[in-house]
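Student: Let chain G serve as the given structure and place chains Y, B and F on it in line with the hints.
Protein chains in written order, with this note's numbering: chain G, 4 to 203; chain Y, 59 to 723; chain B, 12 to 177; chain F, 81 to 366.
A few of these clues could be false.
As the list claims (entries may be wrong) - Simulated DEER-style distance windows between Cβ atoms:
| no. | chain 1 | residue 1 | chain 2 | residue 2 | range |
| --- | --- | --- | --- | --- | --- |
| 1 | Y | Ser-671 | B | Pro-147 | 54 to 64 Å |
| 2 | B | Asn-165 | Y | Lys-679 | 25 to 35 Å |
| 3 | Y | Leu-551 | G | Arg-34 | 19 to 29 Å |
As the list claims (entries may be wrong) - Here are the simulated DSBU-like pairs of lysine-lysine, each with C-alpha atoms no more than 35 Å apart in a straight line:
| no. | chain 1 | residue 1 | chain 2 | residue 2 |
| --- | --- | --- | --- | --- |
| 4 | F | Lys-216 | G | Lys-92 |
| 5 | B | Lys-166 | Y | Lys-723 |
| 6 | Y | Lys-723 | B | Lys-149 |
| 7 | B | Lys-166 | B | Lys-42 |
| 8 | B | Lys-19 | F | Lys-193 |
Since the hints were made in silico from the structure, they are not lab data. Don't be surprised by glycine CBs; every beta carbon is placed ideally from N, CA and C.
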Amino acid sequence: MPLEQKVKYEGDCDPEFAKWVVGEIGGENLRHCIQCGICSAACPLSLYMDYTPRRIINLAREGFRKEVLSSFTIWLCSSCYACRVECPKEIHITDIMYLLKRRAIEEGVYPRSFPIPVLAREFGRMIFMFGRVNETLLVTDLFLRTNWFKFLGMIGLGLNLMRTGRMSFLPDTIKRRGELRKVLEALDAEEKKEKKEALS
Amino acid sequence: MSENKPKQENLPRIGFYVCHCGSNISSMVDVAAVQKYAAGLPGVVVSRDYKYMCSDPGQEMIAKDIKEHKLERLVVSACSPNLHEETFRKAAARGGLNPFYFQMVNIREHVAWVHTDKKAATEKAMQLVSAAIARVAFHQALDKKRVPVDPNVMVVGGGIAGIHAALTLANAGKKVTLVEREATIGGHMALFDKTFPTLDCAACILTPKMSAVKAHPNITLWTYSEVEKVEGYVGNYKVTVKRKPRYVKEDLCVGCMECIDACVFKEAKFADKFNQGLGKRKPVYIDFPQATPKVVLIDKDTCLHFKTGKCKQSCATACDRKAFDFNQKEETKELQVGAIVLATGFKAFDPARSPQYGYGRYPGVYTALEIERLVNASGPTSGEITLRDGKHPKAVGIIHCVGSRDAKTNKWCSRVCCMYSLKLAHLIKEHSGAEVYNFYIDMRAPGKAYEEFYDKLLGEGVHFIRGRVDEVTDWAMTPDEEGKLVLRVEDTLAGFVRRIPVDMVVLSTGLEPQADAQEVRRRFNIGCGTEGFFQERHPKLAPVNTFTDGIYIAGACQAPRDIPDTVAQAGAAAAEALALIDAGFVELEPNTSHVIEDECCGCKSCVPLCPYSAITFDEVKKKAVINEVLCKGCGVCAAACPSGSIVQNLFDDDEIFSEIRGILK
Amino acid sequence: MNEQFEPKIVAFFCNWCTYTAADLAGVSRLKYAPNVSVIRVMCSGRVDPQFVLDAFARGADGVLLGGCHPGDCHYAEGNYKTLRRMRMLERMLKGMGIHDGRFRLEWISGAEGDKVKAVINDMTKKVRALGPLDLPGKFKEWDKEMEELEAHVNKDSKKGETTHAR
Amino acid sequence: MKYLYFPGCSLKGTGRAYEESFLAVFKALGLEVRELEDWNCCGATAYMSVDETKSYALAGRNLAIAEREDLDVIAPCSACYLVLNKTQHGLKDNPELRRKVVNALKSAGLDYKGKVRVRHPLDVLINDVGVEKLAKFIKNPLKGLKIAPYYGCQVVRPYSTFDDQYNPVTMDKLIEAVGAECVSWPLKTRCCGGSLTGTLPEVGLKLAYILVKEAKKRGAAAVVTLCPLCQFNLDGYQDQIARKFERVDIPTLYFTQILGLAMGLPESELGIKRGIISAQAALAGR
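Chain G with its partners taken away, still in its complex shape (with noise of 0.2 Å):
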């Protein structure tokens, strides 16, 4: 078994990183956490796991912004919210999860092949150009993108699907998607204005 140097150092350490989680909708609380571990153990999916979640709570509270962005954790959460409801200090976990998985998306250091963040960016784009979501065209452009091996385990399921009348192949989509479209151009507007303003 090969040896493994376990020390961390300050300089490893991103001191912006705890900062920035404060800052967001949903980070405001933390500083609090007194690492009971409620949130771990109310997670139905803790183990699977690479940190638990009061582990992420911690490393991102001390600036380890590599190993809390980088881990499975973030991906794994399935937003149920049972951790939430149980902090002691009310602190928004699932919120957290939320803005670490975009900031890992934005930094680009979420597992390539990982179906969680493709799906988010596909199920992003389907809303942009009808305004819904056809299920079962999502769920095949996924796995053709990530895994179309796996596809095939799940052509059951789509016969299944087709014999009781729940599968639809023709996207759904708004009347006006001039409307919604320039609702969400609006946001990139004020985004860019912003980035623009913070740099001057």
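Tutor: The following block gives chains Y, B and F in isolation, referenced to the frame of chain G:
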């Protein structure tokens, strides 16, 4: 409004002092600038700043200046008047100045500590200083009024705090009335088996004190009684107490308990409140063998006589002292006391508010108080640890912080749970040999010999898992878990989630204010903190005093605390009451109101406003008259007087108007 | 930061609840706007409506009155009297064009340091948004009339005639 | 009583039976339901991971359209219910976010003031209609049918206004109202796997398996749920569950379906046949 401003040349000679308070004030307020600013204000002849005005040299400086510079008024700009007003009044008196020629400016609590911009904070400090200097010119020389103090004391609550306070006062020769709501004194401590960290038996140390209360010639013990009304003021309280009927004459009953044997109910079949519902009792009962007073009582809700009117009253027949009186009525008593000690204790957190732990849903889940009764040799199982189905648990999980350190229930640490959980872990292991798991967030053992007790438990092989349990369920994932209660928790030190099957779960419930704490504090005219415990006058320097003079607090009614701290506090409260009584008199703040007879137009507007009936109307002179002994100095009448003829000392119209002008200059 | 209007607010706090709460805010090192200066009174019931009027007349942009919660008054019922009095005063102030929260009555118990902070911050923000009141400017002419009237009254009273002009 | 109805994407797709039974039951109860005009996808959980503000704006457009009428909006899908409520909270608590979202809406000629109330059909049935009134409509009580109520996550957490977060009971009341027997189990709010059944089947299937297995073990003949994704996970993946763990075969119905059956509505109007695991045996076997 009167415009009789003192003329520039007639202004009194004012001395002004501004305090740095180390760096507490000077780090946010430019003290030198304030000093300079004040020096330029009309009437100010001396203006100084100093590191610590409240220190001896600071006070000396004031006294010296008064003499040397013939100062006629004094303004000190420092901390809250609630803290040091008295200090500087005394300093003024030492310099030969009437202490009420003084005004204090609060630039610490109200400025330096709450603002972040030094320039703005300094400006605000200057406004407040200008207001005080403007107002002090109007101050009058006043004298404090002396009122005699009634030497009797009432103690409310007969737990260990009330017992200790009552005994201390009685031993000092004071007459004490101890009022307790339940049928016996003893409080929560009477429920415990052993006490941490020494593991000495609670009954062995408590019951002698209970007997001492009963036997003490200076103590009148009123159990099954509640305070209904409190009137008066420091040194002179009038208290109304309601005494509930026991249907047994207290002076006749000797506690032989023949009546209980004789009751028409052959079997005890009603939930026994004292044993947390784990045992049964009859309608005629006594809480426990050492109950004090050792007098039985009848529970009206279950007694056949009261329910149907058809009972042969075999209990009364069995009593050879003829103590039974089914016609007993509630009594109302009045008391005159000089001081009151409130020791009304706490309420244990109701675990139904944390449904995830399954209390009430799974019979294997218990509260810590229930376990106290189970491990107690005189409890319902005589100290045997048995589950509700009669089986013996092989594994027991103790969950800490139930109803503590949790924004959804109570935010505070209940302070005693870590230690009592350790005690229960030890007792359960000793009595049953079960595997015991403690689930804690942080182990808090900060008392004398507490850490050593924790160390002892570690050595006994009790499991300590650092993590807050999420849930107690009967959901089995493995064959081992079938038929068990499963606790899901992150072992935060190991870094993963564990599922631990047990037979018995103990919820270490936290301490809360009594359910009626708000009503009680209104009755006694004291305050509660946001969490609902009684508010002490100062968290460090006046921990047993309240904002109402003559009313003291002790024990867990003020905050969660353990027995040693409770007893210490009860002693402190008794000492404070003694200090008040033995002085023989109190000095009252002279902020009372009086009527300027010539200006009173006799409209009677003020008469009905006074909550203390201190204002009467002189029908001959057709003028209002204020009785300054009854006046408590709220100033409501002064604000209402349409002719401006009522003056409130220290808060006169001229003083307040000049303060407004000073701020807005 | 650009120069913004900073309102001046005069506060009357009762000694037992609100003043203590402000002390508590200090001890707890809560941070709030420096625009409010506090005058201590024993009970909110001591506050004569004239104090409020005088504060506005002398240039205050807002007046805050703090007392114990209803039922909690140290003097049993002083705050109820405050409430009745101030309801009437509010109507009068409205007639004078002083409204929209320039005058505010708040119940703050001795334990509510955080409420002191919240109320002061909120009131400062709202009054700042309203802009200066400048009653002294508006009242200059009225003052002149008042002075004349007062001179007249004083002359009368010197003559020894009783007057209830106040 | 009148309501607006926000279907969301699932009720038009895999959750078609939910829409059918919801509309049929509400119609039979005399409740008027109108589909929200030109609604768009709520954004669900996925979009929150991409762009927070846009995700609020997406929901904001729906709320803006709804606000034109003074009616409560019913969102039967858990994700829609959560996202719309979360947006309400976010816009209320965060002025900066509100400014951005409202400005963006205004640029497209929309406006939102924050007046809309988002409801769940279960909330409407229990609190607006009431169990007593529902009882009058029950013609065909489901006597002897043992049902495990499954609430899932996002209706009860974290914004539920009508039930307890730890131990919700509204659906239990409904099950009793239709004459069936409610199975008590501790997993009624445990996650069904959400979208992980699709993205990480090895994890998602396990979560779904735990639920169906425990429901069956406790004697339930059917699971009843209030969310299209929960229904899809518990119902649709049982073949895969059988391959990976063991065959469980327990049908998952919507609460609107059992209510409709008890009210005597025809199965065809309630989409009973749309279940991949047939409910026929469970319904007949009682």
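Student: Decide, hint by hint, whether the structure agrees.
Tutor: Now the hints, each set against the structure:
1. Taking the beta carbon of each, Y:Ser-671 and B:Pro-147 are about 42 Å apart, not inside 54 to 64 Å as hinted.
2. Taking 25 to 35 Å as the suggested C-beta distance range, the pair B:Asn-165 and Y:Lys-679 conforms, at roughly 27 Å.
3. Checking the proposed 19 to 29 Å range against Y:Leu-551 and G:Arg-34 shows it holds: the Cβ atoms sit about 22 Å from each other.
4. At most 35 Å may separate the alpha-carbon atoms for a hinted pair to count; F:Lys-216 and G:Lys-92 exceed this at roughly 45 Å.
5. About 30 Å separates the Cα atoms of B:Lys-166 and Y:Lys-723, which keeps this hinted pair within 35 Å; it holds.
6. A hinted pair counts as satisfied when its Cα atoms are at most 35 Å apart, and Y:Lys-723 with B:Lys-149 qualifies at roughly 17 Å.
7. With a C-alpha separation of about 52 Å, the suggested pairing of B:Lys-166 with B:Lys-42 is violated against the 35 Å cut-off.
8. About 33 Å separates the Cα atoms of B:Lys-19 and F:Lys-193, which keeps this hinted pair within 35 Å; it holds.
When the structure is compared with the earlier hints, violations turn up for hints 1, 4 and 7 and for no others.
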